[in-house]
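The lines below spell out each chain.
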Amino acid sequence: MIRFLLKGLLRDKSRSRTPVMVVAIGVMLTVFVHAYITGFMGDTIEMNAKFSYGHLKVMTKAYAENMSQVPNDLALLDVSELQNKLNKQFPGIIWAPRIQFGGLIDVPDKNGETQAQGPAIGMGLDMLSGKSRENERLEIQKSLVRGNLIREPGEALISEQFSQKLQVNPGDEVTLISSTMDGSMAMYNFRIAGTVSFGAESLDRGTIITDIEDVRQALNMYDAAGELIGFLPDGFYDDEEALKITQNFNAGYADSSDEFDPVMKSLSQQGNMGQYVSLLKVWSAYISLIFVVAMALVLWNAGLLGGLRRYGEFGVRLAMGEEKKHVYRTLIYESVFIGIAGTVVGTAFGLFFAALLQKYGIDISGMMEGASMMMPSVIRARITPADYYLGLIPGLMATVIGSMLAGVGIYKRKTSQLFKEMEA
Amino acid sequence: MKLFITILLTGITTLSFGQPGADEILEKVDRNMSSENRIFESSMTIHGKRNSRTITSKTYSVGDKKAFTEYLSPPREQGTKMLKLENQLWIYSPSTDRTIQIAGHMLRQSVMGSDLSYEDMMDDRKLTDTYNAVVVGSEEMSGRKTWKLELKAKVDNVAYASRKLWVDSERFVPLREELYAKSGQLLKRSTMSDVVQIEGRWFPKTVVYKDMLKQGDGTEFKIIEIQFNQELPEYIFSKAALKR
Amino acid sequence: MKTALKLAYRNLIGAGLRTWLNVIVLSFSFVVIIWMKGVLVGWDHQAKTDMANWEIGGGQYWHENYDPFDPFTFTESHTAVPEEFKTEIAAGNMEPMLVVQGTIYPQGRMQPVIIRGINPGQNIFKLPTQKLDTLTEAIPAIIGSVAARNLRVQTGDYVTIRWRDTNGMFDAAEIIITGVFSCNVPAVEAGKVYIPLEKLQSMVQLEGEATILTFRDSEKERPAIENWTLKPQSELTKSIDEIIQTKTAGQSVFYGILLLLAMLAIFDTQVLSIFRRQKEIGTYVALGYTRREVVGLFTVEGAMHSILAALVAAAYGIPFLAWQAKAGWTMPMDVSEYGMAVAQTLYPVYSTGLIVSTVFIVVLTTTIVSYWPSRKIAKMNPTEALRGRLQ
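Residue numbers (UniProt numbering), protein chains in the order written: chain Z, 1 to 424; chain W, 1 to 244; chain A, 1 to 391.
Among the hints, erroneous ones may be present.
Pairwise CB distance ranges (calculated) [what the hints assert, rightly or not]: (1) Z:L77 with W:R144: 42 to 50 Å; (2) W:V62 with A:E83: 31 to 39 Å; (3) A:N227 with W:R244: 40 to 48 Å; (4) Z:D78 with W:E231: 47 to 55 Å.
Within a straight-line C-alpha distance of at most 25 Å, the following computed DSS-like cross-link-like pairs (lysine-lysine) qualify [said to hold, decoys possible]: (5) A:K86 with Z:K50; (6) Z:K142 with Z:K50; (7) Z:K61 with W:K49; (8) Z:K50 with A:K199; (9) A:K192 with W:K214; (10) W:K152 with A:K199; (11) Z:K412 with A:K279; (12) A:K247 with Z:K142; (13) W:K182 with A:K199; (14) A:K238 with Z:K142; (15) Z:K359 with A:K247; (16) W:K81 with Z:K110; (17) A:K131 with A:K199; (18) Z:K281 with A:K247; (19) Z:K281 with A:K326; (20) W:K81 with W:K222; (21) A:K192 with W:K182; (22) W:K214 with Z:K61; (23) W:K205 with W:K126; (24) Z:K165 with A:K231.
Since the hints were derived computationally from the structure, they do not count as laboratory data. Just so you know, these numbers come straight off a predicted model, no measurement behind them. Don't be surprised by glycine CBs; every beta carbon is placed ideally from N, CA and C.
Chain Z extracted, bound-state conformation (with noise of 0.2 Å):
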């Protein structure tokens, strides 16, 4: 009865073809949405971490008891082993070595005496390995107001509100004046390849942003670190994989009591951030709900007509001798099909453009001014493992549902009634 029941609907298109695409819409619409909720509601996350937490984060145990002063003198030390190690035991993550530091920028004039000089905020970024990724995690490149990003040893970026209090342009060579890991006095020279907007005025004021390797040279911090930060392996921040990693990773320190011993944190662990994970996780549900429950109303409806289009051919057929209970289950029957096809299809659909939408974005940085790096400038989607399934609950559930109902009709109305309706 199955493959009679197919054949039926491939062959009437109207039976198959409208009802299919209108629940497909619907799912697509629906796993969209919920793939874009998500992206979007999970940007504030994502923007943490790209700045400051990273989804993992290693830190020696007396470092982060101070987090808050990023107290180099307590940085991790041998961090090209760690980072051997944490790839061996967690393949997939990302690791980048990160140094935070202060200190001033001095720029000179022609006779080497100070001409400017700022106090300064400084990032060391893995950007020259080519391992972390960090040029692309931060979007550097669109933040850039004027000359290039760090191409070569040596080079720094800093923020272009800085550059014009300094009067320094691209090319122009600076004295950073920090202080070690030990507290030395540090000086070191960098070139400025170009400047960038980060959209926060606390940033925009006076930040360097630096390879790493020249800011372990300039601050005496041979193959250490600050910070180890981590990224999950599909660029999404993820609670419970992070707190598992995390807590797989601290039992090996368990036993010690060597302050200096490394200490891993998820997002979720750091700052504030514990408590918006588990609010984002209800609130991206909520929404989500209300648009599973409009699309299952529109879907629902969308049975109804499927339904009541036909009532014409039931008539016929009840007037061929067909049982009403035999009309209503192949109706039924028909819409679970629908419902099928409708998903599957829809599903497709969505994960397709949320996929789109994932990988390049809307970019909304035309609706302000100008892009800068702590400003999310696109919008992104999404996917979750729930957007697999999540299609169903409208597709499926709502079809079938909106089908039974209309059929109820065939029920109540008169076998000559509805072979009337046929006219109509």
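Use these hints to put chains W and A onto chain Z, whose structure you have.
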């Protein structure tokens, strides 16, 4: 001979007044410790949370006004030079080939990570010019009899409102100094030891500086070799000499 | 027209469940769009109000050298409070604040700290400055909860701070934490302690001087004062506008999809009703209706969904939205590390403009979507239609 006279003089004053005046003691400390110029090699050991580091340097100085220091080790600091002229301070770093003047708030930074700030090194006014000193008694310290002096600022542009000084009553070497905030809170303490006689002067070879508000073991400053009253070429004390 | 409306209404209600499903979905669109937009507006309001309440009042005068991001400027950024403000200050409508860079030593660790002198009796800021008004041996101080956590101190703890007076002389004393406050404006508490203004002035020998003057009234025209830079409220809250812009852009996509969904339903309904009611259409034409009038009839019928939806939305939306406006929506956005003012709970604010524009947009799109399939009617052959032939 000088020592003899010093001791003799001390004896006399002690005998005649029972207790010397504070200014007189400071005067004698000055006479004992200062010289027209000096050249010394020293080491500074900084006890960090993780490790201890020792930095060695060679310093040429004339009076309190001019000083030129060249760092000898570790390799990272080697070649770093520091020039102080009156109340100005420049640092030259060979890796950047830049000479930077340390001024304003930068003076408040610690010297090479120690408990000493650049500013602590900079104040070269005589104690008697900036403080009113009184002897408040005598105490025994590391087996030596000392005069305990209390100094109160008489000008308001000094960093420390008051100081306490323990001076060896025979050798006129300070054995301990404490620096106080206006509120009377103890801020820093230096303890001198290894007092030896060099070219007729008594000199503490080891000084431990400690920031009393901060945890840690402080900074140990040791004289490895010291010479007084040498021929010093004047060009050493010029900014040009930093780059050489 | 009246008949058309009546007819449309009857037809709609007659369709029963189908209509109501559409109406409910559409009403969702109304409520959700108004609510989400309201949250954003509320966020904007809240962030600005919080900033005003905790940090900037109705605007400020900064000493011309003052740069909050460069503590090294603090030593040169103070001067006597201008004579012309004395009465305003006496009335409590302007508060001077002195800002000094110092060092704090919690448990022997050394950390830089910004010491802010504030009048304990002030009521421009929500800071619990009344807790500074106590007699203790140590200097009473209040501190933010995040700062307290970072320094690992709590109410009742004594901590040593060190500072230098205006001549550079060191001074140190103990402060006692008499209050820990929590606020949504990270800049207010990050690395700062608050002590009584007069105490700080005497500590650093800057009697009668200030770094920041905060006034209560944001409306009043403010003159330029020598040595002081006027920072109006709008300038100080600029960063909030930027974040809101981003969020608005992100949400519009969501509204779009939500509307699309509702329109899918309307469209489907319209197509079906035109398909099933060809006989009726034929009859209208036979009765002398022009085709345009028939198209109009069907369009009105479709568009009426949105009117009904507005009514339904009002029925459950008004109580919901009102409750939200009162109870708030909790959503902490942690951009706080970088100094953004964001509240934990947002109270949506719905303006008339917001509601009218939302209703307008929904009704307009519904009408367009209803009209679209109805155009088919214009192409129909009336006789065929009258006979109920499928076309």
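Task: Distance restraint evaluation - A:N227, W:R244, Cβ atoms, bounds 40 to 48 Å - done: For W:R244 against A:N227, whose Cβ atoms are near 46 Å apart, the range 40 to 48 Å holds.
TODO: Given the hint that A:K192 pairs with W:K214, test it: the Cα-Cα distance must not exceed 25 Å.
DONE: The hint holds at about 20 Å.
- [ ] Given the hint that Z:K61 pairs with W:K49, test it: the Cα-Cα distance must not exceed 25 Å.
- [x] Judged against 25 Å, a Cα distance of about 13 Å means the pair holds.
Open item on the list: Would the hint linking A:K131 and A:K199 be met if the CA-CA limit is 25 Å?
Closed with: 14 Å, holds
Task: 25 Å Cα cutoff - pair W:K182, A:K199 - done: Roughly 14 Å separates the two Cα atoms, so the pair holds.
Open item on the list: So if I understand the rule, the pair passes when the alpha-carbon distance is 25 Å or less; does A:K86 with Z:K50 pass?
Closed with: 48 Å, violated
Task: 25 Å Cα cutoff - pair Z:K50, A:K199 - done: Violated. Z:K50 to A:K199 sits at ~43 Å, over the 25 Å cutoff.
Open item on the list: So if I understand the rule, the pair passes when the alpha-carbon distance is 25 Å or less; does Z:K281 with A:K247 pass?
Closed with: 18 Å, holds
Open item on the list: Z:K359 and A:K247 were given as a pair; does the straight-line alpha-carbon distance stay at or below 25 Å?
Closed with: Roughly 20 Å separates the two Cα atoms, so the pair holds.
- [ ] Would you check the hint for A:K192 and W:K182, treating anything up to 25 Å between C-alpha atoms as holding?
- [x] With Cα atoms ~22 Å apart, A:K192 and W:K182 stay inside 25 Å; holds.
TODO: Go ahead and decide if the range 31 to 39 Å is satisfied by the Cβ distance of W:V62 to A:E83.
DONE: 51 Å, violated
- [ ] Mind checking the alpha carbons of W:K152 and A:K199 for me, to see if they're no more than 25 Å apart?
- [x] 23 Å, holds
The structure does not agree with the numbered hints 2, 5, 8 stated previously, though it agrees with the rest.
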